[in-house]
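First to last, the protein sequences are chains A and B.
All letters in the first sequence, in the order written, are residues -6 to 274 by the numbering used here.
All letters in the second sequence, in the order written, are residues 152 to 928 by the numbering used here.
Treat the hints as calculated values from the structure; they're not laboratory data.
C-beta atoms are modelled at their ideal positions from N, C-alpha and C, and glycine is treated no differently.
Check the hints yourself; a few may be wrong.
To be verified - Residues of chain A placed beyond 10 Å of chain B at every Cβ, according to the derived structure: (1) Gly(-1); (2) Glu8; (3) His53; (4) Arg63; (5) Asn93; (6) Ala164; (7) Phe232; (8) Arg247; (9) Leu250; (10) Tyr256; (11) Val263.
Said to hold, decoys possible - Partial pick of chain B residues on the chain A-facing surface, computed with a CB cut under 10 Å: (12) Asp282; (13) Glu285; (14) Val431; (15) Glu792; (16) Glu796; (17) Leu836; (18) Pro858; (19) Glu918; (20) Val927.
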Amino acid sequence: VSRPLGVFFPASVAEASTMLLEFGRTGAAYGGGVKLVPLIRDRQSDVTALVDVKALSDLHDVAASGGAVRIGAAVRHAELATAVRSRLPMLAEAEARLGNPRVRSQGTIGGNLCFADPVSDPVAPLLVYDAEVTLASAAGERTLPLPEFLTGPFQTARRPGEILSAVRARALEPGWLQSYQRIERFGRPVATAAVARQLTDGVLTAIRMAVSCAGQRPRRLDELERGLTGLAAGQARAFIAGARDYLTRVLGPRDDLFGSAAYKTHLAIVLLTRAVDGEQP
Amino acid sequence: MPGDFQDGLAALPRTDWLGKVTGQAEYIDDCPDPLGTVFGAPIRGTQSHARIIRIRPDRALALPGVLGIFDRDHLDGLDPIVRIGEYEGHTRQHGESADQHVLAVDKVRFHGDLIGLVVADDLATARLAADLVEVDYEPLPPLFSYREAMADGAPLIHEDLPDNLACQGSFDWGDVDAGLAAADLVVGASYYTPTAFHHPMESVGSCLADFTAHGVTLWLPTNKVFNPVQQITELFGVAARDVRVRTPAIGGAFGAKQITPAMMCALAMSRRLGRPVRLVATEADSFRSTARHACLFKARAGLTADGRLTALDVVLEIDTGAYFTGASMVNRQICISSWGCYRLPAFRVRGRTAYTSKVPAASFRATGKTESTFGIECLIDRLAQRIEMSPAEFRRRNVLRPGEPVTGSWRVDGKPTPVQAPPMDVDYDQLMDRAMAGIGWDGKPNVGKQGGRKVRGHGMALSLRQGAPAGGRTYAMVALDQQGQVHVYHAAPDLGEGVATMLRVVAANALGLDAGSVVVEPPEITHGLKFEGTAAQRTTIHMGNAVVSACAALLDELRAVLALTNGGTAEEWTIEHGMARRRDQEAGQGISLRDIARNYGGGEGGTELKGLGAFGFPRTQDRAFGGLGHWAPGALAVEVEVDTETGEIDLVAMAAAGDAGRVLHRASATGQLSGGAVLGTGLALSEEVVYADGGLVNGDAAGYRLPSAANVPSEIPVWFAERGDGPGPFGAKGLAQVTVPCVTPAVNNAIMDAVGVHLDSAPLTPEKILRALGVVR
């Protein structure tokens, strides 16, 4: 009657998948629980069965092979902040500044991505690192690029019975300059930007950029990347400032408690400019 | 008063520190459940303004474990028209003094108005059941601002009234129109203070209600233990002496910890079921219990060419929310503090308060002063800017000097009324100097002198409160037990600011004892030791003096007992530092307090020797300030760094100065100034209860952001004036509220010093700065 909550400890991904299929809408994969548990507590979720994916041993590793870094979905933010500092410095920076110590020491990267909150710290760096996610079930595995996985605010391409088991990011070769920028209001990010660029003789020869938290859609900014490539670094500021309409369209900012859409687009421009200027926080 | 003040006592640890840092302090949610305890969950309206057509509890009542519902259809013969939130005798504009009832009968008037209470065997079931109660509404248009509420043809929130005006009042002296006409320069400005929530660390609304044939016991964290008694006796027809209100440890209050309608319903359900009923408040309950008034402060000030004020004319538009609660009290408090602390030949303020469809607002630490101080202290900087004078110099020129009278005569609502305020007893120059020195500011303006993206600015604000207003008679009792331990009995809850510590210091000093000899008992109402409540900077003065008086009475009693047991007359005995001596007796032959008690009372469980003390100010005819013993000032200076690209505001440094009269306990006094500054920081930079799309949008910590330690300077230097000239014990004054109202204007003034623009509404957000600078449109 008082809706007891069950926690289940699967021995394998296949078993976890079976459990989730069985529980249907009343079941959920459970990592750190930092988003899910408050929802259940406030009776905004129908979940009564938690399938503890932390119990799965192979979801805890961070492993590098070649240029790729495979991050197990149950790796906690605080662990990630140190584990990928040299290979994925912008992700490490994002993870180190995310939330607060309690959230960082409890929340997991997989939980963060599956919740698909448009206000997500790790997403902008992961987009720049061309991240893919691995979705596992009793039927096997499939891999999706992160942009295809994040289908909308609080929506993902995860199918019933699927578990996000790992995130795979591609480290950038030496020669890429990286900068992560974040603006927060009392602990909550209002805009974040990740920019990696290559400079040759003062010219931007390659650039990747992504913005998160500012709008409904965290995005790689392909059009802006193409426009900036080949420009002298000194011309970047004006070019980005001219991209206001593009950013508004792509990011989908909304008026909310943390500011108007216009303000958030402005912050995106400021952060991208700072990152392209190579500012470090 | 025997003995001098022992400075060592001011440095003792607080009485509550160990329990609080180890987690052993028992707050309401920690109190063990008495046998048979059941749990209540409130049913709250989901609309901001709607007629209640039907309440359908069938699904809830069918849930196993549900024990019943208290709503308009299940009243057990009780009349729910009991006034909740009566505030110190102030009356509603159109008659009745307060209009929030135990539960909503005809309409819901704010998002979360109480419809009833479901009780079940356990908390989770009760909450689930509350969700299952279906309510049919006829929606009515909600009104979320003074302007909407006062517009022609606005729907009525209280249909027994002709309009949505809750109350109004005006105060003036001198000839304002002539003063403005004679000015060389008239400057107008307006500043809006939004609705805010107190947000104490502990939720608002938890209680343990036990209604038995032998009496009523209500455990709740509250600052006013006698307040609920009248409401309980009125609803249930029980005798006041059968009602016992008890307080556990309290996790902050700031005005929010009053009896709530849901607690009255919990008592009603306890009465029906014959079992204790516990309420466990959630954040949603907290945000729907009380609020701070929103207020638009509009003013015009006249100046001479050399920077002297000639007149000030203020109009206030105040939003009190759905019920009267503190409306007239707050209307008056904002009005009488709208002149700041300045020399004004003429002053006029007109305040009007409207009902809106928001959570009813009431007392909030520095009630009314946050609204008025934001207005007047920003206006002062704007005036200084207009005549190109430094704000510090402008204040020095216009602030009241020590010994200067505030005004010759008030007119209250046009009628002359006596002023019984003392002349200014505060040296603001000194307070300003100390606050400015605390942040290393020389008073020179910064604006326009800095390049680059990040610019810094300094700002200050002054506050003034009428000190320790009348609050009826205050009683305290001091008792000496058979072990020689002194107990202080009283009814002054410690909200976290250190009331118990203060009373211990006062009693130890008054008796000439060390602090270890004195135990301050928890607040208790069954002794009938009346106290208006820990509020309004009253406690140190009223309860402190009552304890001093009780200590003197105890010493008299001990002398009388010594005469009975050891001979002589009472007058022949003196008691100093815990030892009694008879006149002409050899030194070293004194009698200890313990022996005095034992010689008379005989052993454990024997007589406690008692002294009863009382304190009160004379009745006053002053309808403006309500009588007061002193002025309570504050000065606060800040340095901010503004990022002109993002609008981010970094509070680099903050320092405060106040007038303690005498510091009775240094850590507590420091906490009052610096803690007030931190509370003020949230109000300045972040806090606003937002209503949109028909309801309350951010009634939780995710949407209502509070500052953390990272958002305030790591040190907040404070300084106290200590001239021993206050009306409290050992010359103390009250100082609980003097820094809270300063922060918003000081930060706004610092923003103007940094980037040249003032914001006209709180909170002072990065986006508002960028809009004022024209960076974001």
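Hint validity - Glu796/B Cβ closer than 10 Å to any chain A Cβ: holds (5 Å)
Status of the hint placing Val431/B at chain A (closest C-beta pair under 10 Å): Interface hint status for Val431/B: violated (12 Å vs cutoff 10 Å).
Does Glu285/B pass the interface hint, meaning its C-beta sits closer than 10 Å to a C-beta of chain A? Violated, about 16 Å.
Going by Cβ atoms only, is Leu836/B closer than 10 Å to chain A? Holds. Min distance 8 Å.
10 Å cut-off, C-beta based - Val263/A kept clear of every residue in chain B: The claim is violated: Val263/A sits with its nearest Cβ about 5 Å from chain B, within 10 Å.
Would you check whether the claim that Phe232/A is not at the interface survives, using Cβ distances to chain B and the 10 Å cut-off? holds (17 Å)
Beyond 10 Å from every chain B Cβ: check whether that's true for Tyr256/A. violated (4 Å)
Beyond 10 Å from chain B, beta-carbon-wise, is Ala164/A? Holds, since 30 Å exceeds 10 Å.
Status of the hint placing Val927/B at chain A (closest C-beta pair under 10 Å): holds (5 Å)
Taking the shortest Cβ-to-Cβ distance between Leu250/A and chain B, state whether it exceeds 10 Å. Check fails; 5 Å does not lie beyond 10 Å.
Residue hint Pro858/B, partner chain A, criterion CB-CB below 10 Å: holds (6 Å)
Assertion that Gly(-1)/A lies farther than 10 Å from chain B (Cβ): holds (14 Å)
In this structure, the earlier hints numbered 5, 9, 10, 11, 13, 14 and 15 are contradicted, and the remaining ones agree with it.
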